[in-house]
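There are 6 protein chains.
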Amino acid sequence: MLSILIELQRLKNLDRTGWSLRGLPPRTESVAAHSFGVAVTVMLIADELMARGVEIDVERMLRLSVLHDWSEARIGDMPRTAAQYFGSEARKKAELAAFDDIVKGMGGRAATYRELYEEYEHRSSLESRLVKAADVIDLLVQVLALERAGAKGLDEFWEVARQPEFQLEGNANDVVAEILRELLTAREKVFARYE
Amino acid sequence: MLSILIELQRLKNLDRTGWSLRGLPPRTESVAAHSFGVAVTVMLIADELMARGVEIDVERMLRLSVLHDWSEARIGDMPRTAAQYFGSEARKKAELAAFDDIVKGMGGRAATYRELYEEYEHRSSLESRLVKAADVIDLLVQVLALERAGAKGLDEFWEVARQPEFQLEGNANDVVAEILRELLTAREKVFARYE
Amino acid sequence: MLSILIELQRLKNLDRTGWSLRGLPPRTESVAAHSFGVAVTVMLIADELMARGVEIDVERMLRLSVLHDWSEARIGDMPRTAAQYFGSEARKKAELAAFDDIVKGMGGRAATYRELYEEYEHRSSLESRLVKAADVIDLLVQVLALERAGAKGLDEFWEVARQPEFQLEGNANDVVAEILRELLTAREKVFARYE
Amino acid sequence: MLSILIELQRLKNLDRTGWSLRGLPPRTESVAAHSFGVAVTVMLIADELMARGVEIDVERMLRLSVLHDWSEARIGDMPRTAAQYFGSEARKKAELAAFDDIVKGMGGRAATYRELYEEYEHRSSLESRLVKAADVIDLLVQVLALERAGAKGLDEFWEVARQPEFQLEGNANDVVAEILRELLTAREKVFARYE
Amino acid sequence: MLSILIELQRLKNLDRTGWSLRGLPPRTESVAAHSFGVAVTVMLIADELMARGVEIDVERMLRLSVLHDWSEARIGDMPRTAAQYFGSEARKKAELAAFDDIVKGMGGRAATYRELYEEYEHRSSLESRLVKAADVIDLLVQVLALERAGAKGLDEFWEVARQPEFQLEGNANDVVAEILRELLTAREKVFARYE
Amino acid sequence: MLSILIELQRLKNLDRTGWSLRGLPPRTESVAAHSFGVAVTVMLIADELMARGVEIDVERMLRLSVLHDWSEARIGDMPRTAAQYFGSEARKKAELAAFDDIVKGMGGRAATYRELYEEYEHRSSLESRLVKAADVIDLLVQVLALERAGAKGLDEFWEVARQPEFQLEGNANDVVAEILRELLTAREKVFARYE
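Chains as they are written, first to last, in the working numbering: chain A, 1 to 195; chain B, 1 to 195; chain C, 1 to 195; chain D, 1 to 195; chain E, 1 to 195; chain F, 1 to 195.
Only true hints are included.
The list makes no distinction among identical chains, and a pair is therefore deemed to hold if it is satisfied within one copy or across any two copies.
Taking lysine to aspartate or glutamate and the EDC-like style, the derived pairs with C-alpha atoms no more than 16 Å apart in a straight line are:
id : residue 1 : residue 2
1  : LYS92     : GLU119
2  : LYS104    : ASP47
3  : LYS189    : ASP155
4  : LYS92     : GLU115
5  : LYS93     : GLU118
6  : LYS104    : GLU115
7  : LYS92     : GLU118
Source of the hints: derived by calculation from the structure; they are not laboratory data.
Given these sequences and hints, build the entire structure.
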């Protein structure tokens, strides 16, 4: 078990490429820190949904958020443009192979983790789609925090918030849409204030 | 919900003080990255225990790992020496008050989160004791990674591994003790190799 | 004497938490660098006061500025919010205990340093109140420098400048108030310029 | 012309992933800094070869070293393991497509740059093979510098030096082999000294 | 040859002082990364000029860009104000002496490199004047990138673009002037956008 | 007064070049942090000397330590090799001119500060010689701290400790020599331990 823990330590030391490519200082956000942000968001969203009567597997959501970026320990954090040059199929295949190699020493549990990973990649459950939504929300909260601290040139990220592509319905969609609206409102204030 | 997500972003930007005080470079590890490491460790330990037939609430463990350091968004990451000067009671009280203020906008859920937080602080369940063990294991895996990369002066951390204070029994104790032994073995090799 | 010098080296490597919590990059300012800024400010203020005929113990002021943050080598740089959760009495007590432990190997001089430290903490002399003013002025000059370089989200710091709480009178008050006014004027220009 | 210069600025801000994944601090080496190192090495090797009577196109070599990593502005610096999961063919194809998009606004010159890039990728000339050798030499000089400054855990890089795979002959091979030997000798001294 | 490569590695680790002095984060740009930017700019400018029928020695230009900052490995990156206090003659003399010591182990080639260095310092050829222009252009592209990412307080750099002091004529002047105009236009948009 | 405070803020953001040139991470130590270290050392040495009955002007020593590096806000932190290429006379002259420009807005006090600066540069008093000793001691304590944390390649700094060039006598010499001996002993243990 130790060898997988050691390998995943790398995620603490791996910068999210999106910030580097936009000229932000090193260590603006590590992959590990982002995964933490996703897990927090997942927990809050899940609890809100349950409060609204939606049945949902929170444990599964937390597991998905914890492991959804493991393959980056071997692949690195590919910028969005990179994914486009490789094609999303090739990228998914490579990430899955990396994921398999990371967990292969785990015996029977390797299969369970791989299943979770595939569920996330295919967005094949409400849980996985919500984790994807949390992934985007944590990204935007980070963008908001950076812009409040003075960063510029991050406008393109907000397009995701304006036209989200999550296939969510009912309460799940309501909760996510609400957070996105709040984010957009908060964002407008950032620049309004100094202009 | 947005305001709590914004506040917890701070944990991505907050260095673990232990490294700074020992002369390691800035951003060696953020509090958020550490929390991610704890969540990973928790998941692996929980699954190992379940494979050995132990009944355990994994969701609860993941929730505990995700929220156990939230109060640091207001208190900061106090070095061990600081805790000693304040007294552990005062520190726990302050952290709890900070935690309460962080979650107070969450309505009914605030109480649930607080309960989880207190469970962790009091080690009042097997789950919370295992999360504490994961907290220490992630610390030591980080120390190991740093020492493998050339860091020195971190010896004192290994005392925890030699005389762990977790009150665990049976399988839970076995699994944790095994990882600690593996860690100590791996650690000995680090210095053996260059000497 | 060496052991105290080694311990205080830590202050060079300890980030001022205020910047980290507001999303600024690591190592924006170390505690040691801030203490230097306070000492510079103290020297300039003291000389200005003496030029206006105020009798003042400059050596004492320089000593106070050099040692006023030593306890942070053991306590860390607690964010303002942290102090509030601990209560200012508990915080002062803890800092004093840490200070005592740092200087305790200094024999007879330990008592002298402790006396200076307490003088600062209690603002029991004109000198100590002026060092506190210098502490705030250096903070604001740093904020100004950061804002001129593009940082945002630091507005709250300027409230201190608008309603200073130093209990100063006569010439001492005039000199400090003048610098604060100059700072506020310079600050207004920062945003005026880009708006 | 400006837009390509702006895009390539990103390489100044992009960390070489190899160091991050091995726990070294952020900004240990940017892609741009590495490309500079390759260009320096290329110039010295070319001049040494010419002194030994080898005819070689130095301008071409310098051009190759300047542009051989441009695609990383869109792909990022993929760790070696990543390349293996994508397959070297897929990786080369993606990098070429990225390169094409970067230079496509250059009119007629785009084709010339692409040709140079392909020459490097295919190692289809002595010049391109020597630039590849310089790429490896600069990597190893960086490793040596890091190890001299205290880094550990970089042993695997030295295997390249022991069994180089450059298809070079005669003088070209001699010059490169000589530098590699010097590097290995210098490296042995690093650890000998502290053991 | 190895010892010069080792010494020049230092340029990868040496921050351009201009950014530090203006409050930008550490490692905003290393000297090595800047030299790479100059080499890229040189190549693009040279090719544009050749397309316009200007005969020019591209190899020489690339060599000049690669070696024009080597002396900083011993002198450091002196801020502009420093140069003014030493006088430009003293500075040039010191840099030349440092350059000589760096290359002195290169045998016959030392003289060739020194000649190139002096050509650059004296701007005694069209090639060297164009490399100087590329040096300024890379600086301004970096400033533009920083301002787009949120940096302020860099206005003074743009004065160079408004009143360039390159002694260029005809096509060479046209090409450089065009890039500077494009830069100024792009720069105006940066602040227009957020105001 | 504000403008000088703003200019000296730069010292907080200026890395000591010695560390960068030896491959240590950015922001290992700022000039401001070092000046703080010198001031601390000065205070401890002065108090020790007074305890041994030496009459000494502590205020003067503290002033010298606070202002001895101000010229670096305009000159930068020149590496030792740089000083050698410029000649120590030229360097001193340039630094003095920079110092004059920094303080010139201070009216009558400019002359006083300049006098102090010259006293330090000429080591014309016991106080200034002791501040120089403190300057070296703080450097060595920093080296010791770095080596304890894993840094290597810093051996040359210890030569200063073995053959100090301070022209001190009697008690002053005893106190400084004692600290240097303690430093050398502590240093030997660093490498002994891991070998």
